[in-house]
Amino acid sequence: MLSVWAVSRLVAGKDLRVEWRSRIVTNQVVPFAALMMVMFAFALDSDTVLKRVAPGLVWLAAMFSLLVIVQRAFAVETADGALDALRVAGVRGAGIFLGKAMSLAAQLAVLELILLGAAIVLYDTQLVGSGVTLLICTYLTATAGLAFIGTLYGGLAAGARGRETLLPLLMLPVAAPVLIGATRATEAALGTQGATTGDGWPWIGLLLLFAVVFGAGGSLAFGSLIDE
Amino acid sequence: MNRASVNGSSTSTRFTRALGVATILGLGWLAAFGLLISPDDVVQGSYARLLYIHVPSAWLAYLAFGVTGLASAGYLWPRTRNLNWDRIAGASAEVGVVFMAITLVSGSLWGKVTWGTYWTWDARLTTTAFLFVTYIGYLAVRDLGGSHEQRARRSGVVALLAVLEVPLVHFSVKWWRPLHQSETIERGGLKGLMLFSFFVGMVTFTLLYVWLVMHRQRLIALNDIVDDRGLDRALAERRNEAAS
Numbered sequence: 438m439l440s441v442w443a444v445s446r447l448v449a450g451k452d453l454r455v456e457w458r459s460r461i462v463t464n465q466v467v468p469f470a471a472l473m474m475v476m477f478a479f480a481l482d483s484d485t486v487l488k489r490v491a492p493g494l495v496w497l498a499a500m501f502s503l504l505v506i507v508q509r510a511f512a513v514e515t516a517d518g519a520l521d522a523l524r525v526a527g528v529r530g531a532g533i534f535l536g537k538a539m540s541l542a543a544q545l546a547v548l549e550l551i552l553l554g555a556a557i558v559l560y561d562t563q564l565v566g567s568g569v570t571l572l573i574c575t576y577l578t579a580t581a582g583l584a585f586i587g588t589l590y591g592g593l594a595a596g597a598r599g600r601e602t603l604l605p606l607l608m609l610p611v612a613a614p615v616l617i618g619a620t621r622a623t624e625a626a627l628g629t630q631g632a633t634t635g636d637g638w639p640w641i642g643l644l645l646l647f648a649v650v651f652g653a654g655g656s657l658a659f660g661s662l663i664d665e
Numbered sequence: 106m107n108r109a110s111v112n113g114s115s116t117s118t119r120f121t122r123a124l125g126v127a128t129i130l131g132l133g134w135l136a137a138f139g140l141l142i143s144p145d146d147v148v149q150g151s152y153a154r155l156l157y158i159h160v161p162s163a164w165l166a167y168l169a170f171g172v173t174g175l176a177s178a179g180y181l182w183p184r185t186r187n188l189n190w191d192r193i194a195g196a197s198a199e200v201g202v203v204f205m206a207i208t209l210v211s212g213s214l215w216g217k218v219t220w221g222t223y224w225t226w227d228a229r230l231t232t233t234a235f236l237f238v239t240y241i242g243y244l245a246v247r248d249l250g251g252s253h254e255q256r257a258r259r260s261g262v263v264a265l266l267a268v269l270e271v272p273l274v275h276f277s278v279k280w281w282r283p284l285h286q287s288e289t290i291e292r293g294g295l296k297g298l299m300l301f302s303f304f305v306g307m308v309t310f311t312l313l314y315v316w317l318v319m320h321r322q323r324l325i326a327l328n329d330i331v332d333d334r335g336l337d338r339a340l341a342e343r344r345n346e347a348a349s
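These protein sequence lines are chains S and W, in that order.
All residue numbers for the first sequence refer to our numbering, where the first residue is 438 and numbers rise by one.
All residue numbers for the second sequence refer to our numbering, where the first residue is 106 and numbers rise by one.
By construction, these hints were calculated from the structure, which means they are not laboratory data.
Mixed in with the good hints, there may be bad ones.
Here are the simulated distance ranges between beta carbons [what the hints assert, rightly or not]:
#1 Leu453/S x Ala348/W: 31 to 41 Å
#2 Glu254/W x Gly518/S: 19 to 29 Å
#3 Phe469/S x Pro144/W: 39 to 49 Å
#4 Thr225/W x Trp638/S: 49 to 59 Å
#5 Thr311/W x Leu559/S: 37 to 47 Å
#6 Leu132/W x Ala522/S: 40 to 50 Å
#7 Trp638/S x Pro183/W: 39 to 49 Å
#8 Ala339/W x Leu559/S: 56 to 66 Å
#9 Trp220/W x Ser567/S: 34 to 44 Å
#10 Met476/S x Ala339/W: 48 to 58 Å
#11 Asn464/S x Ala348/W: 37 to 47 Å
#12 Trp226/W x Thr463/S: 31 to 41 Å
#13 Leu559/S x Asn189/W: 27 to 37 Å
For every residue, glycine included, the Cβ atom is placed at its ideal position computed from N, Cα and C.
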């Protein structure tokens, strides 16, 4: 029997291959995320305000895009009963969970880079040399946390076919600490409103704790969530 | 169980009736004291009367969500697996959501007259609002359908995840906006008959909680029986069709 780690690599590889061939995220979710960044500018209508809230908008757009990516990730599994097939094959839940989380994290990571780029171009956000380490840590920990909860609640909604409307209600309250933590840490890294990098590190601790808690919780619970 | 026994079974027993009477007496006292006997607060005037509802309902909601978490763990733990745990968890969450709504409404009304605003982004308020939304989600998960066991397992996991989520939300909001409301009782602001009535309120609401959950849990059990029965009947009909 394959180890959890081997299974998760296979599942992640499969998911990324499906995306590479279908280009759904590339052709639909990335434009959607970029559109959100433009719409935020319409709604807020002030260059100074936009510059001030840019870190929050980047993470907000990432969270909303995550909802779409998660639904896509599990639509692939439920469409042809692929998830059932995986279960019948005797694959352990933790392996599926980690694999799907890895592929989600990879897709989300690319998307977040694009969003950050959009903030630099559209909102006149400037990167600061001293904040780069903090920014990279925020990026890694927040992405991991979001990918874990996305997989966990996505699996739950997928188990109940056709109830995707439930996903935002379940996932957004749980994602709130990531939104707060990632926004504050990014503000610290970019020096928004005189924040210093020292302000950001405690938030990295929170983000890391979040990722560990939901990574462990998800590995334990995922099997019984998708089990029918 | 035959048809007659379900139609004839009631969700009340001698114990719940006694509990109901005690709850009504307690609520009567609380209403009389809170609205008539209690003197106006020196600072807040008549508005302080809202707290006789607000604080016990907040306590009840937290108690209810705590019970939901424990009962869910009771179901998920293989040695104690029993659908009754799941029914208690569901009944408790329903009651908790109702009283959390009462807490939020009474609290924001009180906030408007004393702080001048319906809402502040204080850690406790924000956590409470998140709890409310989380358990609305929990109730939605319970309604997803499938077998009773499926419902129990799925909602049990969601309830335990909520237990993980709540402290994380609380601490992140606390760091985000480090405001704090200190509790009146800790400061010794309530005295004599007021303090007594306050505790009467807490006890009464706890009794009310137990009464509501017992009835609701039995009602869910009856619903489950009806569901199973409907399935059995449909199966029997199909078999008869095939046989004829």
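Starting from the range 48 to 58 Å, see whether the pair Met476/S and Ala339/W falls in it by beta-carbon distance. holds, 49 Å
Could you tell me whether the CB distance from Trp220/W to Ser567/S stays inside 34 to 44 Å? holds, 40 Å
Take a look at whether the Cβ-Cβ distance between Glu254/W and Gly518/S falls inside 19 to 29 Å. At 21 Å between Cβs, range holds.
Pairwise beta carbon distance, Leu559/S to Asn189/W, judged against the given window 27 to 37 Å: 56 Å Cβ-Cβ, so the 27 to 37 Å window is violated.
Is the gap between the beta carbons of Asn464/S and Ala348/W within 37 to 47 Å? violated, 55 Å
Indicate whether the distance between the beta carbons of Leu132/W and Ala522/S respects the range 40 to 50 Å. Hint violated: Cβ distance 56 Å, outside 40 to 50 Å.
May I ask you to test the hint 31 to 41 Å on the CB atoms belonging to Trp226/W and Thr463/S? With a Cβ separation near 38 Å, Trp226/W and Thr463/S satisfy 31 to 41 Å, so the hint holds.
Does the beta carbon distance between Ala339/W and Leu559/S stay inside 56 to 66 Å, or does it fall outside? For Ala339/W and Leu559/S the Cβ distance comes to about 58 Å; the hint holds.
Between the beta carbons of Trp638/S and Pro183/W, is the distance compatible with 39 to 49 Å? Roughly 42 Å apart at Cβ, these two residues keep to the hinted range, so it holds.
Cβ-Cβ distance between Phe469/S and Pro144/W: within 39 to 49 Å? violated, 60 Å
At the C-beta level, are Leu453/S and Ala348/W separated by a distance inside 31 to 41 Å? Roughly 53 Å apart at Cβ, these two residues miss the hinted range, so it is violated.
Trp638/S and Thr225/W - C-beta distance against the hinted 49 to 59 Å: Cβ of Thr225/W to Cβ of Trp638/S: about 28 Å, so the range 49 to 59 Å is violated.
Going through the hint list in order, the structure does not satisfy hints 1, 3, 4, 5, 6, 11, 13.
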